[in-house]
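J.: Using the sequences and the hints, build the whole thing.
So the chains spell out like this:
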Amino acid sequence: MASRIFGSGIKRREDPRLLTGQARYTDDFVLPNMAHMAVVRSPYAHARIQGIRTKKAAAMEGVLGVFTGPDMKAAGFGPIPCAWVVPGSDTKTPPYPPLALDTVRYVGNAVAIVVAADRYLARDAADAVEVDYEPLPAVAHAAKAVGKGQPQLHADVPNNLCFRWTVNGGDVDAAFKSADVVVKERIVNQRLIPNAMEPRAALADYRSATSEVTLWVTSQNPHIVRFLLSLDTGIAEQKIRVIAPEVGGGFGSKIPHYPEDAMVVFASKMCGCPVKWTETRSENYRGTIHGRDHIQDVELAAKKDGRIIGIRATVWANLGAYLSTASTGIPTILHGLMLSGVYDIPNIREVVHGVFTNTTPTDAYRGAGRPEATFMIERLVDLLAQKLKMDPAELRKKNFIAPFTEGHTVATGITYDTGNYAGAFDKALKMADYSGLRKKQAEARKKGEYLGVGICTYAEICGLGPSQVAGAVGFGGGLWESAIVRFHPSGKVNVMVGISPHGQGEETTFAQIVASELGVAVDDVEITHGDTERTPMGWGSYGSRSTPVGSGAVMGAIAKIKEKAKIVTAHLLEAAVEDIEYGDGKFFVKGSPGKFKTIQDVALMANVAWNYPKGLEPGLEASAFFDPPNFVYPFGAHLAVVKVDGETGEVRLEKYVAVDDCGRVINPVIVAGQIHGGVVQGIGQALWEGAVYDDNGQLLTGSMMDYALPKADFFPELELGMTETPTSVNPLGVKGIGETGTIASTPAVYNAVLDALAPLGVAKIDMPLTPERVWRAIQSARR
Amino acid sequence: MKCPVSVTVNGVRRSHDVEPRLLLVHYLRETLGLTGTNIGCDTSQCGSCTVLLDGKAVKSCTMLAVQADGAKVTTIEGLATNGKLHPVQDAFWEKHGLQCGYCTPGMVLTACNLLEQNPKPSDAEIRRGLEGNLCRCTGYQNIVAAVREAAARMRA
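The listed protein sequences derive, respectively, from chains A and B. For the first sequence, our numbering gives the first residue as 23, with consecutive numbering after it. For the second sequence, our numbering gives the first residue as 549, with consecutive numbering after it.
Hints were generated in silico from the structure; no laboratory data involved. You may find that some hints are simply not true.
Dumping the calculated EDC-like pairs for lysine to aspartate or glutamate here, alpha-carbon to alpha-carbon at most 20 Å [stated by the list, open to error]:
(1) B/632 x B/697
(2) A/612 x A/601
(3) A/588 x A/643
(4) A/677 x B/673
(5) A/733 x B/590
(6) A/33 x B/642
(7) B/668 x A/735
(8) A/617 x A/606
(9) A/586 x A/601
(10) B/550 x A/146
(11) A/733 x B/671
(12) A/291 x A/140
(13) A/33 x B/697
(14) A/33 x B/638
(15) A/78 x A/149
(16) A/461 x A/448
(17) B/668 x A/606
(18) A/206 x A/448
(19) B/550 x A/739
(20) B/550 x A/140
(21) A/677 x B/671
(22) A/733 x B/673
(23) A/462 x A/741
(24) A/166 x A/413
(25) A/733 x B/578
(26) A/636 x A/600
(27) A/325 x A/202
(28) A/469 x A/739
The calculated label-pair distances, taken between Cβ atoms and stated as ranges, are [unchecked claim]:
(29) A/738 x B/591: 25 to 33 Å
(30) B/560 x A/490: 56 to 64 Å
(31) A/203 x B/671: 44 to 52 Å
(32) B/560 x A/31: 52 to 60 Å
(33) B/671 x A/29: 43 to 51 Å
(34) B/591 x A/97: 31 to 39 Å
(35) A/786 x B/591: 31 to 39 Å
Footprint (simulated), chain B over chain A, 3 or more residues, beta carbon under 8 Å [claimed, not checked]:
(36) 46-60
(37) 310-318
(38) 527-536
(39) 684-695
(40) 719-729
Think of the CB as a built atom: it goes at the ideal place given N, C-alpha and C, for glycine as much as any other residue.
T.: The structure is reproduced here in structure tokens:
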């Protein structure tokens, strides 16, 4: 029984509470005497604050307090820390005050807060706060912001250049000299708004008697929030409890420690009551991080037989107005090191400019850096195929890194763990009937129809990561995980983990691991996460790390439990410890499988300790920490088929095949769900989504009315396939699957649309490929 | 100034004096403490706040509480009976039609309304019927499968 639970698509234990309205998200919590906070935000992208008049607001019904930046500063609340400073990049980290002190630098920059008895009164009073602004010139575009004569955001950051970082492997210039063919492109990964369905919320309960604070917050990593909050609030870390209750999606946007976290703590302290803040969606669009916004000038060098020999790129990454928690790591480590993709490319150089602009800060958004890397190489490969008049599938095959199981080091210096790129690709081509599709395309073209086939093969870096590497690349924390496995006298189990899932289903998959490893019923295992007081330290859920890293900690604790159980069993069966073996839920004497104790027998005896080995600690509980020796590198091949309406420019997705490899699979239903969601999100980038600023830094896509999210009726049934190439980086051989879909689907669909339009000679349209843009491209090509 | 409002919510008659501007969703969540109905946007796009009003799916962020006076409202808390999940809820569980769960109450109630109007929808009709509800986690595929499954169960 036990072994079958691992790998089985059992139903999620998370679901009943979510399906009945019993789940509690942050905004659902109500405390006695609780007040509400509303935030006054800047309508200007760049302005000097000349004065803030709060008297009228403060006198309004139900208002407990109105506070500004200087108030917070005077109370000892410091700037929001940036937690990632990439070495060798001369990164500037200008202060990020939670409430603006004298200057606002983006639309949505918080200026003042109002605390009132209810949500409506707080909003009314916030609207009554009068701020005098002296508007300053603004700049929203990263490549423009580094130019001469542009508005300067921060005093000590000349030309708005936050950092300049280079990755360099091989001899790139020599490669380009020896190239038979070079393709060039400017690629723009447009700015995206993450749109977790639950907006952010935070509820602080500060108790002056003990100087303790409890913060309920929509976070992917409550332990990181506690750590950073201790730095900017001055409250000692052991006095802070951070609870991420039910969290309604994150996609990276709930990694950062945000100004509002500090604001509610401050407000609770000042007003002497619990204070809750809940973001509106339009507030979310301005105040919660954005993703991507990445401009690449890139060249690829190849031989005439199609062998790729070099990549050379210059990149401008828009960081927004301030550095969010992990922002500098995204366009550098998580992007620049992955430019080789699944190909053997000996020479790679990229220079990345991190740039401040008068826009909402950017940070990790699902995929975070790898989509920008994958899009770059996958688009260039298609352009090269066109130039060489080769089939893009054949060209890819020619350049794949050969299958490997012992690690493969690429030109950027990182070592992929395991991979079989041709294996996944062949499977995808077969599932999609690639040659049949090309025939169909030829027929469609004869009829004047625009049918396109797009491919993306990818490998990505996730399962973050070895802590030493984290330190070496400037991440301000560790990246290990921990777990506690605790057996009760009844043989039931509590497992406390440091990761903080928010929809990915680890309560179910981790219970599957414990059940299959220790021979307990899956329903006898309870998984607890998301509360710094109830769980051991962990660095959270992002970078597709929860399962590859978190399961390593769970497996470590399980190994310790097994060791102890063997000692107890040996004592009970009067055998030597070395003779006790474990299998199928039983600890038995080698050679006599009839003489055994179950884990439940052992749990009871260890907990009562009546008949017990001398000198052995009672109890059956183990704690383990797992720091992986490497990242994991899932991979796969996606293929999209689209039809473009030549009259309207509308793109219809006809077929989508995804073959992914995340090593061993714990729960195939959950894995498929992660892929579905990721694929659709990535297609959103290719076709509809985009945060648009005007030249004055006004956000033109300020609500869901103006920002197009994928809807149910666009998609055909996605066809999924898997290959299985385990990793040796963690005990279970598992790789992350949370972001692969988003990484692979954008280039697959983009390449398909451009393939459809190839007969017209259209080689480039900036994303998103909205009907209007496609129609314009078709019109100008026909002219 | 407050206005009296009387609404039957999940079978229980509730009466309060409320501000005329109070949104139905805030009445449900904050006055009645029924927090299963979620708020995902402020422009009626996302459908997270969908409830059944006299049997029809409505976005409760787009209605005032006073407009619901005299109506019967079903929220996600009122869908299961005697601890037994409604077939739509059960099918969402069976088919992994949810991940973070935030859009789920609205999705489930919209699906109930859809199946009420069309007990045997095609996949295309399901997808069209869910157009007013956004989900960022599932890519919709398993939601469609769940509605398909629920339709089959409810016909059986």
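J.: Could you grab the alpha-carbon distance between residue 733 of chain A and residue 578 of chain B and see if it respects the 20 Å cut-off?
T.: Outside the cut-off at roughly 30 Å; violated.
J.: Between residue 206 of chain A and residue 448 of chain A, is the straight-line Cα distance small enough, at 20 Å or below?
T.: violated (28 Å)
J.: Straight-line Cα separation of residue 588 of chain A and residue 643 of chain A no greater than 20 Å?
T.: holds (14 Å)
J.: Between the alpha carbons of residue 291 of chain A and residue 140 of chain A, is the straight-line distance 20 Å or under?
T.: Cα-Cα ~18 Å, so holds.
J.: Per the coverage rule (Cβ-Cβ under 8 Å, at least three residues), is the region 46-60 of chain A covered by chain B?
T.: holds (count 5)
J.: Is the straight-line distance between the alpha-carbon of residue 462 of chain A and that of residue 741 of chain A 20 Å or less?
T.: holds (19 Å)
J.: Does residue 733 of chain A pair with residue 671 of chain B here, judged by a C-alpha cut-off of 20 Å?
T.: The hint holds at about 14 Å.
J.: Verify the proposed pairing of residue 33 of chain A with residue 697 of chain B, using a straight-line Cα cut of 20 Å.
T.: It holds: about 15 Å lies between the C-alpha atoms, which stays within 20 Å.
J.: Within 20 Å, alpha carbon to alpha carbon, are residue 632 of chain B and residue 697 of chain B?
T.: holds (17 Å)
J.: Tell me whether the statement that chain B covers the region 310-318 of chain A is true, taking a Cβ distance below 8 Å and needing three residues at minimum.
T.: Violated, because only 0 residues of the region 310-318 of chain A bring their Cβ atoms closer than 8 Å to Cβ atoms of chain B.
J.: With 25 to 33 Å as the target window, see if residue 738 of chain A and residue 591 of chain B comply at their CB atoms.
T.: Cβ of residue 738 of chain A to Cβ of residue 591 of chain B: about 28 Å, so the range 25 to 33 Å holds.
J.: Could you grab the alpha-carbon distance between residue 668 of chain B and residue 606 of chain A and see if it respects the 20 Å cut-off?
T.: violated (46 Å)
Of the numbered hints stated above, those contradicted by the structure are hints 17, 18, 19, 24, 25, 28, 32, 33, 37, 38, listed in ascending order.
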